[in-house]
Amino acid sequence: MPDDKDHRVMPGEACPVPLPDHKQIVLGHGSGGKLTQDLIEKIFLPNFWNDCLARLNDQAVLEVNGSRLAFTTDSFVVTPIFFPGGDIGRLAINGTVNDLAMSGATPRFIAAAFILEEGLASDDLVRVVESMRLAVAEAGVLLVTGDTKVVNRGKGDQVFITTTGLGVLERPGEISADRARPGDRILLSGTIGDHGMAIMSQREGLEFEGPIESDTAPLHTLVAAMLEASPEIHCLRDPTRGGVATTLNEIASRSGVGMEIDVRTIPVRESVRGACEILGLDPLYVANEGKLVAVVAPEAADAVLDQMRRHPLGRDACCIGEVVAAHPRRVLVKTEIGGSRVLDVMMGEQLPRIC
Amino acid sequence: MKYLDEYRDARVAQELLEQIRGVQKRPWVLMEVCGGQTHSIVKFGIDDLLPGEIELVHGPGCPVCVTPLELIDKAHAIASRPEVIFCSFGDMLRVPGSKCDLLTVKSRGAEVRVVYSPLECLKIARKHPDRQVVFFAIGFETTAPANAMLVWRAKQEGLQNVSVLVSHVLVPPALEAILDSPWNRVQGFLGPGHVCAIMGYREYEEISARYKVPIVITGFEPVDLLEGVLMAVRQLEGGRAEVENQYARAVTRDGNAAARKVVSSVFEVCGRKWRGVGPIPQSGYRLRAEFEAFDAEHRFDVGAIDTQEPAVCISGEVLRGIKKPHDCPAFAKECTPAHPLGATMVSSEGACAAYYLYGRHLKPDNRNAAGKAGQAG
Numbered sequence: 001m002p003d004d005k006d007h008r009v010m011p012g013e014a015c016p017v018p019l020p021d022h023k024q025i026v027l028g029h030g031s032g033g034k035l036t037q038d039l040i041e042k043i044f045l046p047n048f049w050n051d052c053l054a055r056l057n058d059q060a061v062l063e064v065n066g067s068r069l070a071f072t073t074d075s076f077v078v079t080p081i082f083f084p085g086g087d088i089g090r091l092a093i094n095g096t097v098n099d100l101a102m103s104g105a106t107p108r109f110i111a112a113a114f115i116l117e118e119g120l121a122s123d124d125l126v127r128v129v130e131s132m133r134l135a136v137a138e139a140g141v142l143l144v145t146g147d148t149k150v151v152n153r154g155k156g157d158q159v160f161i162t163t164t165g166l167g168v169l170e171r172p173g174e175i176s177a178d179r180a181r182p183g184d185r186i187l188l189s190g191t192i193g194d195h196g197m198a199i200m201s202q203r204e205g206l207e208f209e210g211p212i213e214s215d216t217a218p219l220h221t222l223v224a225a226m227l228e229a230s231p232e233i234h235c236l237r238d239p240t241r242g243g244v245a246t247t248l249n250e251i252a253s254r255s256g257v258g259m260e261i262d263v264r265t266i267p268v269r270e271s272v273r274g275a276c277e278i279l280g281l282d283p284l285y286v287a288n289e290g291k292l293v294a295v296v297a298p299e300a301a302d303a304v305l306d307q308m309r310r311h312p313l314g315r316d317a318c319c320i321g322e323v324v325a326a327h328p329r330r331v332l333v334k335t336e337i338g339g340s341r342v343l344d345v346m347m348g349e350q351l352p353r354i355c
Numbered sequence: 001m002k003y004l005d006e007y008r009d010a011r012v013a014q015e016l017l018e019q020i021r022g023v024q025k026r027p028w029v030l031m032e033v034c035g036g037q038t039h040s041i042v043k044f045g046i047d048d049l050l051p052g053e054i055e056l057v058h059g060p061g062c063p064v065c066v067t068p069l070e071l072i073d074k075a076h077a078i079a080s081r082p083e084v085i086f087c088s089f090g091d092m093l094r095v096p097g098s099k100c101d102l103l104t105v106k107s108r109g110a111e112v113r114v115v116y117s118p119l120e121c122l123k124i125a126r127k128h129p130d131r132q133v134v135f136f137a138i139g140f141e142t143t144a145p146a147n148a149m150l151v152w153r154a155k156q157e158g159l160q161n162v163s164v165l166v167s168h169v170l171v172p173p174a175l176e177a178i179l180d181s182p183w184n185r186v187q188g189f190l191g192p193g194h195v196c197a198i199m200g201y202r203e204y205e206e207i208s209a210r211y212k213v214p215i216v217i218t219g220f221e222p223v224d225l226l227e228g229v230l231m232a233v234r235q236l237e238g239g240r241a242e243v244e245n246q247y248a249r250a251v252t253r254d255g256n257a258a259a260r261k262v263v264s265s266v267f268e269v270c271g272r273k274w275r276g277v278g279p280i281p282q283s284g285y286r287l288r289a290e291f292e293a294f295d296a297e298h299r300f301d302v303g304a305i306d307t308q309e310p311a312v313c314i315s316g317e318v319l320r321g322i323k324k325p326h327d328c329p330a331f332a333k334e335c336t337p338a339h340p341l342g343a344t345m346v347s348s349e350g351a352c353a354a355y356y357l358y359g360r361h362l363k364p365d366n367r368n369a370a371g372k373a374g375q376a377g
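Protein chains in written order, with our numbering: chain P, 1 to 355; chain D, 1 to 377.
Any given hint might turn out to be false.
Said to hold, decoys possible - Simulated pairs of lysine to aspartate or glutamate, EDC-like, Cα-Cα distance not exceeding 20 Å:
#1 P/23 with D/111
#2 D/43 with P/282
#3 D/43 with P/262
#4 P/155 with P/124
#5 D/273 with D/295
#6 D/43 with P/277
#7 P/149 with P/124
#8 D/25 with D/48
#9 D/43 with P/260
#10 P/42 with D/334
By construction, these hints were calculated from the structure, which means they are not laboratory data.
The following block holds chain P by itself, in its conformation from the complex (with noise of 0.2 Å):
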């Protein structure tokens, strides 16, 4: 193995030495983990940085000629392309129109991208496509632009979509993860891992009484509800790839505030619980692709609540926590029986458990 010389121990280590940095990219690298992190803050950031993108939100927030836009791409691949709940096409137009909505603006344009394998069946790509048209019409939206390759089988797998997305900031005001202040209540628009779930359990064939459906929707009508009801909303995310869990400690980290949130009252599906247990997996760090997670100003909170549960997409919304000044950059959890710990962000991929 060519790298073996940078595994040897030290001379004079009590211990063996780490393993180093990975020579080669893994799959937690797109974990949405702590890796990933990794990733971008020793290889992207410095490469390409500027005060824009060291905000590291989901969108890049731009002035033009004294318009404000939001601006954000995002690339899917998901096995199976086609799941209970929804499809890679559905996913790839409502993860990019909420990456918009997550900075308050209202989503406009879409360009997509296609990478198709060669041996699709067209019949797919058609069914695909199809959806990603509902999609577009659902969030209002207009795909504008696109573009596609052909890779040889065994280079892709099936289909892979990228989406770029324009929306344009209405009201004045800035929602960003650096904003969450000690006292800021948390809110949590739904239940949470049903879109992983809904994706595992389809992959491992585990079967529940009815299936469990992912969760993907668009979120920017939700969100201007939220936003009519108060602009004290600081920081909007949608808890996708590492679930509640990384988000929360994102927000923590990127405002330097801790948090103290309950686990009882996180709302969780039976089905999705059974799943997590049997894989032995924590739905705080399984993806969402139709929930958000708020901070906001305590005094807005219940009304900001109000409006969310008066929304189809924000029927299940509760407060789950409070955002503190001690302990900055940790959030901490209150356990079902009253015990508590720290809530800590995923290193890698989550991986089932033996027993």
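Following the hints, complete the assembly by docking chain D onto the known chain P.
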């Protein structure tokens, strides 16, 4: 969720804590044997809730942690072969051997798959008759029946392209090794619930009588663990030493006869080396001679790999309950789940990893707990 919520009920947990406080008069050191129990204790913050004079130390029952280094290196050598589809339980993928982990082997082009049941390997083998399907058969008595069944079925079906890399270990010899140690501090055990669901608990009755130590076969949910602690403390305070079964909803005295039968027809007891602990006689399983053809070590001729564990961290002492994770100067510094130095940091069930994942080194109000453990170590 039924069968789960009632065992995570805060009110019941508080009542049990109250009873423990009422019963406990003197300080006691208890060991929970299983990694799954350690994980729950830290995840739910149980050790924080217990009276300070009851110390929980974490046992050797993490199969991923105790799998010896050389076997992991063998797994990497086999997985790297182009004809092999290497199948494993998920948490074995991140365990470092002497050079790298299976995830890295995979990123270099090896075909490594996570399976939930060993029997999935049969399906994979039937689907890929031109490939060699190898399963990393690790674990305690809990996973032995399913692993044995894989070999049994492969032989029955005449599947030539299935083999297993066996690293099975057994709990009772490890408990004896702990109790025999001159440094032993453990005064009572929370016994391994899932192991006993398979094996029953007659073996533990012998140990309990011989060493005069209470053993409470215990489940994995917070209420189970608190009830297990209560039962063990009652025995200790009352001067009793016997086996009690807290986990009666899953465990009987004789265990699962059908599972034990398939295990004993495929495996036989042998000496095994435990990572961080060393060799323990009669402490594991190997394939019986009539199943030797399914032994991956024979099929791929990797018997020669003999890696020495580099000068070690304290995981051996952690696995035997002599020290706690934060007694190690490298804990959460040089040694993290991303860069594990030793056995107990690699699996989520390892004591060090559980402490790390649930932020024991970060928790602002944990200085007391750390101090407590420090004195203990």
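These are the hints, each one checked on the structure:
no. : hint             : verdict
1   : P/23 with D/111  : holds (18 Å)
2   : D/43 with P/282  : holds (11 Å)
3   : D/43 with P/262  : holds (13 Å)
4   : P/155 with P/124 : holds (18 Å)
5   : D/273 with D/295 : holds (18 Å)
6   : D/43 with P/277  : holds (14 Å)
7   : P/149 with P/124 : holds (16 Å)
8   : D/25 with D/48   : holds (18 Å)
9   : D/43 with P/260  : holds (15 Å)
10  : P/42 with D/334  : holds (19 Å)
Of the numbered hints given earlier, the model fails none.
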